[in-house]
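*Asks:* With chain A held as given, fit chain B onto it using these hints.
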Amino acid sequence: MKNTIITLLVLTFFSLGFSQDKVNYEEEYMPKLQKAQEDLARLESEMATANSQISGTNDQITETQKKIDQTWEEIYQLVGSDKAGVDKFGKDLDALDGKVRSFGALPAEELYKRRAELDQFEAELNTFRTNNISALTEYLNKIERIDQRIKSVRSSIVVPYVTSYVVKKGDSLWKISGKKDIYDDPFKWTDIYKANKETISSWQNKYNAVLKEGQKEADLIYPEQEFTIPR
Amino acid sequence: MLKSIRTIILSMIVLSFLFAGCTRYANEEELKTLDDTQTAVKKAETKLSDLTKERRNLVTKLADLQTELKKAEEEKAAVESRLK
Chain A
1 MKNTIITLLV
11 LTFFSLGFSQ
21 DKVNYEEEYM
31 PKLQKAQEDL
41 ARLESEMATA
51 NSQISGTNDQ
61 ITETQKKIDQ
71 TWEEIYQLVG
81 SDKAGVDKFG
91 KDLDALDGKV
101 RSFGALPAEE
111 LYKRRAELDQ
121 FEAELNTFRT
131 NNISALTEYL
141 NKIERIDQRI
151 KSVRSSIVVP
161 YVTSYVVKKG
171 DSLWKISGKK
181 DIYDDPFKWT
191 DIYKANKETI
201 SSWQNKYNAV
211 LKEGQKEADL
221 IYPEQEFTIP
231 R
Chain B
1 MLKSIRTIIL
11 SMIVLSFLFA
21 GCTRYANEEE
31 LKTLDDTQTA
41 VKKAETKLSD
51 LTKERRNLVT
61 KLADLQTELK
71 KAEEEKAAVE
81 SRLK
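For the record, the sequence lines run as chains A and B.
Residue numbering for the first sequence follows the numbering used here, beginning at 1 and increasing consecutively.
Residue numbering for the second sequence follows the numbering used here, beginning at 1 and increasing consecutively.
If you're looking for bench data, these hints aren't it; they were derived computationally from the structure.
Check each hint, because a few of them may be wrong.
If we take Cβ atoms under 7 Å as the criterion, some of the chain B residues that face chain A in the derived model are [to be verified]: (1) Leu2; (2) Ile5; (3) Tyr25; (4) Asp36; (5) Val41; (6) Ser49; (7) Asp50; (8) Leu51; (9) Lys53; (10) Ala63; (11) Leu65; (12) Glu68; (13) Ala77; (14) Ala78.
In this text, a Cβ means the ideal position worked out from N, Cα and C, and glycines have one as well.
The shape of chain B in the complex, shown without the other chains:
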């Protein structure tokens, strides 16, 4: 009885070593690659957010200028009509 218990325990120990030995873990270089990539993602997210804001501002500016152009064209037509 004692012998079979010992065998089981020994088998478990051997198996656990085998299990631990077969698993592959990321090395330092690979971890650095992951870290660099994740940092680049964060930077890109910030940059994209800035670009989105910039574009929104430009779209607003364009809309204002288009209104200004429309007013200038209307003014031109009005002046032409007043000077006739």
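Isolated chain A (complex conformation):
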């Protein structure tokens, strides 16, 4: 009898032990399944809403893009061109901008020599201005910037600073002093004379030595003489 009871007790414990691994239908399985089904239903509904919103937003995007394209078409018509024409205008304007930039980077002496090119740039810019495409804000601003750049380059051009001068045939101190890159003022010829008095006299003495009395000159200047230009 005692053995029977022990066996039954062991079996009972085993039975309870196994039953703990199983999922209780009423208490565990059904609530879990119900919750999962409810979650799935809710998520499916939310997905349907999201899909519908995405579709609506996509429609709005398409519509807005169409309006943008239409507006730009109208703008191109206003300026009497099309997208390709406007793009070309932009490229040509960029090319002019590039030329002005490169020109502005030239050394001062080169700038002075080629200063007339600025007038050509200005003329080109004015041609752009006459095109209706220049009414577009982007190009209007670009033209203004190029104009400012031309003005800035023009104002940066200075007369080269000459510190010496080699006399050429036909020159006089008056003429030399009046040259733009010397003093641009003929009345300052005395400054050149004072600074080069010795050179002038020595050349004069050399020439007077071979001249007869009466032919001798004073204070003449001769080609190839090099004068210092005081600053």
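*Replies:* This is chain B only, laid out in the frame that chain A set:
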């Protein structure tokens, strides 16, 4: 005394068997249904998250386009006024 103890123990054993026998447990098919449903929930959560992100991106794109449209309209008005 010993007899009553034996009776109690026997009753407990019988009751425990009865208890274990009366409880219903989910079978394999039902467990698979639960597992499938829970997997579907996880998939749906991921999909919904992707859709939410997609919508957010589209809303941002739409806002950008609306700004672009406004600018184009302003540009048109400006060009009209400059060409007058």
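*Asks:* Give me the numbers of the hints this structure contradicts, sorted from smallest to largest.
*Replies:* 1, 2, 4, 6, 7, 9, 10 and 13
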